[in-house]
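Put chain B on the given structure of chain A with help from the hints.
Read top to bottom, the protein sequences are chains A and B. Just so you know, we're using the UniProt record's numbering here: the first sequence kicks off at 1 and counts up by one. Just so you know, we're using the UniProt record's numbering here: the second sequence kicks off at 1 and counts up by one.
Some hints could be false.
To be verified - Which residues of chain B face chain A? A partial, calculated answer using Cβ under 8 Å:
hint, residue
1, Val40
2, Thr44
3, Glu59
4, Leu64
What the hints assert, rightly or not - Derived SDA-like pairs (lysine to any residue); straight-line CA-CA distance at most 20 Å:
hint, chain 1, residue 1, chain 2, residue 2
5, B, Lys34, A, Phe148
6, A, Lys33, A, Gly150
7, A, Lys33, B, Thr55
8, A, Lys40, B, Arg79
9, B, Lys34, B, Thr56
10, A, Lys40, A, Val155
11, B, Lys34, A, Gln195
12, A, Lys33, B, Leu68
13, A, Lys40, B, Lys34
14, A, Lys33, B, Asp48
15, A, Lys33, B, Leu96
16, A, Lys33, B, Val37
Derived from the structure by calculation, the hints contain no laboratory data. The beta carbon of each residue, even a glycine, is placed where N, CA and C say it ideally should be.
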Amino acid sequence: MTAVVAVAAYLPEGRVRIEEVAGRLGLSGMQAKIFRRYHKLGEVALDPHGGLADLLRGALRRLDGLRGQEHRVRYVLHARTFPTVVPYPHDPVGELCEEFGLGHAAVFAVGHHACASGLLAVDAAGRLLAADDDRDGLALVLTGEKAFTGEAQLVPETSFFGEGAAACLVSAAGERDRMLAYATDPRGEFDTDDQETALEFQRVYADTLAAAITAAVGRAGLAMDEVGVILPHNVNRVAWHQVCRTLGYPRERVVLDNVATTGHVFCADGFINYLTARDRGLLRQGEPYVMAAAGAGSGATFSAMVFAH
Amino acid sequence: MTEQDTAPSAAAADPALRDRLVDSIRELLPHVLKREVAEVTADTELMDALGLSSTTGLELVLELEERLELEISVEELGRDDFGTVGSLADYVAGNLLTEA
Numbered sequence: 001m002t003a004v005v006a007v008a009a010y011l012p013e014g015r016v017r018i019e020e021v022a023g024r025l026g027l028s029g030m031q032a033k034i035f036r037r038y039h040k041l042g043e044v045a046l047d048p049h050g051g052l053a054d055l056l057r058g059a060l061r062r063l064d065g066l067r068g069q070e071h072r073v074r075y076v077l078h079a080r081t082f083p084t085v086v087p088y089p090h091d092p093v094g095e096l097c098e099e100f101g102l103g104h105a106a107v108f109a110v111g112h113h114a115c116a117s118g119l120l121a122v123d124a125a126g127r128l129l130a131a132d133d134d135r136d137g138l139a140l141v142l143t144g145e146k147a148f149t150g151e152a153q154l155v156p157e158t159s160f161f162g163e164g165a166a167a168c169l170v171s172a173a174g175e176r177d178r179m180l181a182y183a184t185d186p187r188g189e190f191d192t193d194d195q196e197t198a199l200e201f202q203r204v205y206a207d208t209l210a211a212a213i214t215a216a217v218g219r220a221g222l223a224m225d226e227v228g229v230i231l232p233h234n235v236n237r238v239a240w241h242q243v244c245r246t247l248g249y250p251r252e253r254v255v256l257d258n259v260a261t262t263g264h265v266f267c268a269d270g271f272i273n274y275l276t277a278r279d280r281g282l283l284r285q286g287e288p289y290v291m292a293a294a295g296a297g298s299g300a301t302f303s304a305m306v307f308a309h
Numbered sequence: 001m002t003e004q005d006t007a008p009s010a011a012a013a014d015p016a017l018r019d020r021l022v023d024s025i026r027e028l029l030p031h032v033l034k035r036e037v038a039e040v041t042a043d044t045e046l047m048d049a050l051g052l053s054s055t056t057g058l059e060l061v062l063e064l065e066e067r068l069e070l071e072i073s074v075e076e077l078g079r080d081d082f083g084t085v086g087s088l089a090d091y092v093a094g095n096l097l098t099e100a
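Extracted from the complex, chain A is given alone in its bound form (with noise of 0.2 Å):
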């Protein structure tokens, strides 16, 4: 049963207020108190200065668990909200494998759930490491992108993208945190620019999301009462405060924590709130959690996914 060893993230020091984002971006002021007012975002991190090597380097030299253990790592996954994240013939993460002593492994790009692409990483890594039968089989999922072109620093109506990494290995198996299920809804009628379907994409959106928890939690054999917290990702407060309530679950137990001082980042969400998750104490011994994610562009995804700790 797929496992996550140990989980890193980084996140560069700067901070940009979303009036700012929004200004550049040609946001009127009635646009930027809406996102400020009622989806609660605050502020973004951005580095200014780097490129994507440097956010991803900075997760990785956090992730003490691959010390040691990089002869043991067979797969190396760059989990993408945008297909395309680096111009060509640009490769980021081939070189920074070289650079951890991770030149041995398959280095390959995980995408087409836009923010949801974290989750699938996870589970394709799980798979992959089962089918070799290799037991000392690790992977290693990178997620983080740089906000650099307004489509990447903006998610119309609905969110601020924000600079990050997260890196978090993976086993075939192991005791924590054990992987008890999956559940993903791809919703390829999305991918289209009509404005009907934009709105019928808004009006699904937080029952969707709803339903792929609901099924994760019901593959998992369990009920949502017995779920300690759920880690989402951070596309806004309010679109959440929805899904609890389709739910009936109580928000305070989603970790929003980071909604308002880091805005939406990419694929890496679920694994920074793990972080904030396991810092304030909320991860108990043995108590499922749900990390889940909404992805969109080009289509639609819905995620789950259930641990154990």
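Below, chain B without anything else, positioned relative to chain A:
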């Protein structure tokens, strides 16, 4: 820091306050929708009849705040509250953080 459920700070509104809110919403609608709006009553459907979106709806609430010099809790504002002019007035009246 955790999320807490917030209870409305004011009970169901008095009729005079509700009327005042309905009037203000009616006056603000052309500004928010950026077009003239025909006869509007408390029963007018904001989304279905007038084409208010979730974003213009939020803009309407925040404009209302500025016009009436009130602070409105938007924590519990949901899609259903944007059903009609009257339902939005009811939400605002029931979720004031300052005395009307």
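Consistency of the hints with the structure:
Given the 8 Å rule on beta carbons, the hint for B/Val40 is violated: about 21 Å separates it from the nearest Cβ of chain A. The interface hint given for B/Thr44 is violated, since its Cβ lies 19 Å from the closest Cβ of chain A, which is over the 8 Å cut-off. The interface hint given for B/Glu59 is met, as the beta carbon of that residue sits about 5 Å from the closest beta carbon of chain A, less than 8 Å. Taking 8 Å as the C-beta cut-off, the interface hint given for B/Leu64 is violated, the closest approach to chain A being about 12 Å.
Note on B/Lys34 and A/Phe148: the hinted pairing is violated, with a Cα-Cα distance of about 32 Å set against a maximum of 20 Å. As the CA atoms of A/Lys33 and A/Gly150 are separated by approximately 19 Å, the hinted pair is consistent with the 20 Å bound. Distance check on the hinted pair: A/Lys33 and B/Thr55 sit about 11 Å apart at the alpha-carbon level, within 20 Å; holds. Annotation: proposed proximity of A/Lys40 to B/Arg79 holds, straight-line Cα distance about 17 Å (limit 20 Å).
Between the alpha carbons of B/Lys34 and B/Thr56 the distance comes to roughly 10 Å, so the proposed pair stays at or under 20 Å and holds. With a C-alpha separation of about 14 Å, the suggested pairing of A/Lys40 with A/Val155 holds against the 20 Å cut-off. For the given pair, B/Lys34 sits about 19 Å from A/Gln195 by alpha-carbon distance, which is consistent with the 20 Å threshold. Between A/Lys33 and B/Leu68 the CA atoms are separated by roughly 17 Å; this keeps the pair inside 20 Å, and the hint holds.
Proposed proximity of A/Lys40 and B/Lys34 is contradicted: the alpha carbons are some 26 Å apart, above 20 Å. Distance check on the hinted pair: A/Lys33 and B/Asp48 sit about 25 Å apart at the alpha-carbon level, beyond 20 Å; violated. A C-alpha spacing of about 18 Å is found between A/Lys33 and B/Leu96, which places the hinted pair at or below 20 Å, so the restraint holds. Among the hinted pairs, A/Lys33 with B/Val37 is inconsistent with the structure: their alpha-carbon atoms are about 25 Å apart, more than 20 Å.
Violated hints, listed in ascending order, are 1, 2, 4, 5, 13, 14, 16; each of the other numbered hints is respected by the structure.
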